[in-house]
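Number of protein chains: 2
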Amino acid sequence: MAWARWGCCPWLVLLCACTWGRPKAANLTREDVRNCSTSPPYIPVTAVNTTERLTALRQQIQMLNLSAYIIPDTDAHMSEYIGDHDKRRAWITGFTGSAGTAVVTMGKAALWTDSRYWTQAERQMDCNWELHREGNIVTWLLTEVPVGGLVGFDPFLFSIDSWESYNADLQASDRQLVSIADNLVDLVWGSERPAVPSQPIYALQEAFIGSTWQDKVSGIRSQMQQRREAPTAVLLSALDETAWLFNLRSSDIPYNPFFYSYTLFTDSFIRLFVNKSRLSSETLQYLNADCTLHMCVQLEDYSQVRDSIKAYASGDVRIWIGTSYTTYGIYELIPKEKLVEDTYSPVMVTKAVKNSKEQALLRASHVRDAVAVIRYLVWLEKNVPSGAVDEFSGAELLDKFRGEEEFSSGPSFETISASGLNAALAHYSPTKELHRKLSSDEMYLVDSGGQYWDGTTDITRTVHWGTPSAFQKEAYTRVLIGNIDLSRLVFPAATSGRMVEAFARKALWDVGLNYYHGTGHGIGNFLCVHEWPVGFQSSNIAMAKGMFTSIEPGYYQDGEFGVRIEDIALVVEAETKYPGTYLAFEVVSLVPYDRNLIDVSLLSPEQLQYVNRYYQTIREKVGPELQRRQLLEEFAWLQQHTEPLSARAPRAASLVSLLAVSVLAILGWSA
Amino acid sequence: MAWARWGCCPWLVLLCACTWGRPKAANLTREDVRNCSTSPPYIPVTAVNTTERLTALRQQIQMLNLSAYIIPDTDAHMSEYIGDHDKRRAWITGFTGSAGTAVVTMGKAALWTDSRYWTQAERQMDCNWELHREGNIVTWLLTEVPVGGLVGFDPFLFSIDSWESYNADLQASDRQLVSIADNLVDLVWGSERPAVPSQPIYALQEAFIGSTWQDKVSGIRSQMQQRREAPTAVLLSALDETAWLFNLRSSDIPYNPFFYSYTLFTDSFIRLFVNKSRLSSETLQYLNADCTLHMCVQLEDYSQVRDSIKAYASGDVRIWIGTSYTTYGIYELIPKEKLVEDTYSPVMVTKAVKNSKEQALLRASHVRDAVAVIRYLVWLEKNVPSGAVDEFSGAELLDKFRGEEEFSSGPSFETISASGLNAALAHYSPTKELHRKLSSDEMYLVDSGGQYWDGTTDITRTVHWGTPSAFQKEAYTRVLIGNIDLSRLVFPAATSGRMVEAFARKALWDVGLNYYHGTGHGIGNFLCVHEWPVGFQSSNIAMAKGMFTSIEPGYYQDGEFGVRIEDIALVVEAETKYPGTYLAFEVVSLVPYDRNLIDVSLLSPEQLQYVNRYYQTIREKVGPELQRRQLLEEFAWLQQHTEPLSARAPRAASLVSLLAVSVLAILGWSA
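Protein sequences, first through last, are from chains X and R.
Under full-length UniProt numbering, the letters of the first sequence match residues 1 to 671, in that order.
Under full-length UniProt numbering, the letters of the second sequence match residues 1 to 671, in that order.
Extracted from the complex, chain X is given alone in its bound form:
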């Protein structure tokens, strides 16, 4: 999955949005969007009336003597997806897109979002709102906020980095950024605001955990001791850190089995900040919640985290944090000299390397995931020609197939099911209302994944059931070569992904093509589908044995088609001719590529051999599972689609014909 905001890195979205062509508005007439330049302004029915909400918010702003108030689209844990009760920016603006920042002053209200969302914003916002397609929020603030003016923000919705950036710019221009602990949107949202989730928080069954929470805590405690700065505590803010550490799960966040929480632990105590009523007595027992020794988890209420950290930080302590997932709301509580700062917390870095059991679990989930995807591809092959399938119903069926797999716990992100030109749009997902029919005349891209108790999956396949154009075949094959060349690379231990991701692009670059998104991201065991800090971006940590990453080059022809071929790969030790510590990838996604789109003449003998070996692996791993499940049609399809590819070998062929001609000549001559 290539588009969504990966972890805490909004720069990636920006990169995507800036380099990407502006998406075409599909079937939108002028009546679908607002027109604020007429009198009276034209407001479409899809727009939300925000007049009352803004009036109420401005009362709050005025009471605090602020000149402006910033409303980001994050939650207090820098989550990739956010719960409904955290969708403050969507509620105040009416605009529901996943990326955008709002600013409200006494006289104006403004939204910044990227090109993917401009049309949607014009459909959903009334004329209280300015839409900023370009330009910098701070530059705008400097024109709207007088010198000496105060700009309010909720510190729990600001990363440390964004606070530093706003603060430096505003301070340099004599405006002041003011941390307001009570969120002003929440105050005016009132009873309309969706409730904070309260489903049970449960412990994973032993079969699905890599190691006990006690072992994990001990491991991090020894890292604390080894660390030069001698931290006395570790503070975890990202939701998957706490979920991983205690082997606990719930469903507070869409697609992510997490629950709102923080964790603070030292050598002598462990504090889990959470809504205690959500844990059963068995789970409390599992956590040793009734004692206060070093292996007892003391439960404190989620709302106590601020006071508790403040109290702890008043002592002679040093608190180890990962700055990427810590909000300014937490950061400002701890005196600078009491912080041990890393980009990623020790839990985040430890979690990135899967132990052998976690590896086996993730592999197993990929076998079942392949069954679901293959069932879908077989079904499409039969049903697309009749014209009865659309992007949305297709996505629903795929979700259904995944849901029928053992240990399934829903999709790991919103399925990208995109036909024809829609596959070239960044962040496209079909809706019940707006979607395109699948056709044998078009390419179809499906990027999807599942949450299973044993693993999280993510795979993209692009197919064509008719006659692709030569350019479509070339583009597909070059994307495939990129996938292959990175997948079969041998590289030294501790190489950063950034240093090798160009191998996935070279075949495209050769002819002047490219793609404008990242090449891959880490993935968890029933955790995040985009699990930092593994991947191929500059902010990712170095590759190590036991990490899992996606490998997903693509190519997008604006207004025509899109290709992406995504697999999940495990980082393994490589065997090299000369001794050394080298790594390689082992692909664990197990679905064949579309033969109809491969131009074998572009593949080198080594690339061809690699694909054929991969196909053999698919047969060995998925074949028996299909047979066991009596999915005989799917088994036959798999055999057919994993037949070894053969090169045309033009040179050898011409020599053979030379041979034939010669033999004939000789026969003629000698006869």
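Treat the hints with care, since some could be wrong.
Remember, identical chains collapse to one label, so a pair may be satisfied in a single copy or spanning two.
Simulated pairs of lysine to aspartate or glutamate, DMTMM-like, Cα-Cα distance not exceeding 20 Å [to be verified]: (1) 357 with 406; (2) 506 with 573; (3) 87 with 215; (4) 577 with 560; (5) 506 with 575; (6) 336 with 164; (7) 506 with 606.
Everything labelled a hint here was simulated from the structure, so no lab data went into it.
Dock chain R against chain X, hints included.
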């Protein structure tokens, strides 16, 4: 050239030193190094008695109430090579190696240097000095300096980064870093200190400049206007910035045709800080030094820079600097809010892209440089077998051949002439006293370059005149494949070198081999041989048309041999099948590789074709020059060494033999 400190980036040296195996001490007996553990200590004759120097320095330290004084190995311009009068660390310690930092307290004197220099330090230092092979200077300072103690340093010998790093660490532990404007070593060095150079500073002839200094100043002034922060002035600290801007040269620094200087210019004035007496009246006239208008260069004495900047910075101004080459001594003069900081100054970034005339000049210098290198290789081929050549005499001869080329102005760095196992040593250069004989039984690596009025060159060739081992051929061929694969890469405009340098390593990685230095660096027009910010490191800027970079993969077998193949390449626009702004490299170094070391069976048809095209280019560009100069033996050698390489084509061959066998069989059968 791969080893030397590249520009201002000491981390590269550290990288090199840390990842490299410890060099073998060549023919050193225990009598050659000091032994401070005996009583009395054993001091070799090569060591310098530093007792008096240290006593005098400690008087200064005591007078200022300091607990310690730090002595780095840099100059006030963060130069790669430093002049004799700047070799303070060498004078106070006795140790003359190019990398190392000394710290003196009232009771101790300590030197930190990397593994390349440990033996040398033990030979050159007396027992006043501790040699620190490992460990951190700050950690040591914390044990030697009491809480509240003052640590002195010369702010003109500290980069901003190193100041920030020391300052943060010391402050966090309640020690204070104190900037001492008068260098304490200089005070005690006194009249013994070599004089500051006073050779003429001259203007380049018009034939050798890419554009006039007026055009360059105008260009930077328009960049100032376009810049959002609206800088009012640009301040240049690196010596090559001022040399480039005014098209002036001298010879203050070994291998670099620079002169001690700073430049400060605004829209309305230009100030050049320099020893005015070194400029002739013609040069003064060339600079319009007798007026004060916006295109007049006002000369101020070099020593006035501090006062002049301080005075300018007191106004309502914003000064644009490149932090990489600005010392803390300059930085501390300017209030933070009056700085516009980039990693590299606009001059540094502009200089990186050569205009068409500069490109033509650099290309021309490479043709003549190839003549010198080819003369040397031909001479070696004839003279090595008799055993009459050694590394040092060889290097001298190569320097002589270069010196005979038109527009020659000496070597661009100390020639690395390394036979057999010496080629595996980082930073090896032979001396008159210590060198190895060249032999037909060993590989020989020569990394050298010239300064010419039209360009700076840098090339490495590795050769073997006898029978190389299979492993030597494989290593050489894999290094060559790396050079080829990076050289023939097509990549999008603005790609950073870091993203593509792995293409130079892949063929080595494939079998578990690698090299532990950078893959290339920028190069100037009669300027630095290592010209930042172009190259393949993470701190380099993105590739752009008109840049020149070296491409220099290598392989080093400790104790046995070393391979490096280095070419200079120009970044050009690529023609791609589909339209787009893509770049490629065009190699401008023109010396054939050693056929004796190439295993053609490892090369793909594309790689082979690339080499053969390159050989054709060498013939076309260097051949006529050799003929014109009546270097007929060299011409014949060139023809022979640029014969197209042919593949063994095993598959085709086997089909041909199949054909033969079949024909024979048929003949037999039909007969």
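How the hints compare with the structure:
Within a single copy, residue 357 and residue 406 get their C-alpha atoms as close as 18 Å, which meets the 20 Å cut-off; across copies the closest is 69 Å, which misses it. In this assembly of identical chains, the alpha carbons of residue 506 and residue 573 lie at most 20 Å apart only when taken from different copies (16 Å versus 24 Å within one copy). For the identical chains of this complex, residue 87 and residue 215 are neighbours neither inside a copy (36 Å) nor across copies (55 Å), given an alpha-carbon limit of 20 Å. Proximity of residue 577 and residue 560 under a CA criterion of 20 Å is satisfied inter-copy only: 19 Å between copies versus 45 Å inside one chain copy.
With identical chains, the CA atoms of residue 506 and residue 575 are at most 20 Å apart between copies only, with a shortest distance of 15 Å across copies and 25 Å within one. Proximity of residue 336 and residue 164 under a CA criterion of 20 Å is satisfied in both settings, with 14 Å inside one chain copy and 16 Å between copies. In this homomeric assembly, residue 506 and residue 606 come within 20 Å of each other (Cα to Cα) both inside a single copy, at 16 Å, and across copies, at 15 Å.
In summary, the structure is inconsistent with hint 3 from the numbered list given earlier, while agreeing with all the others.
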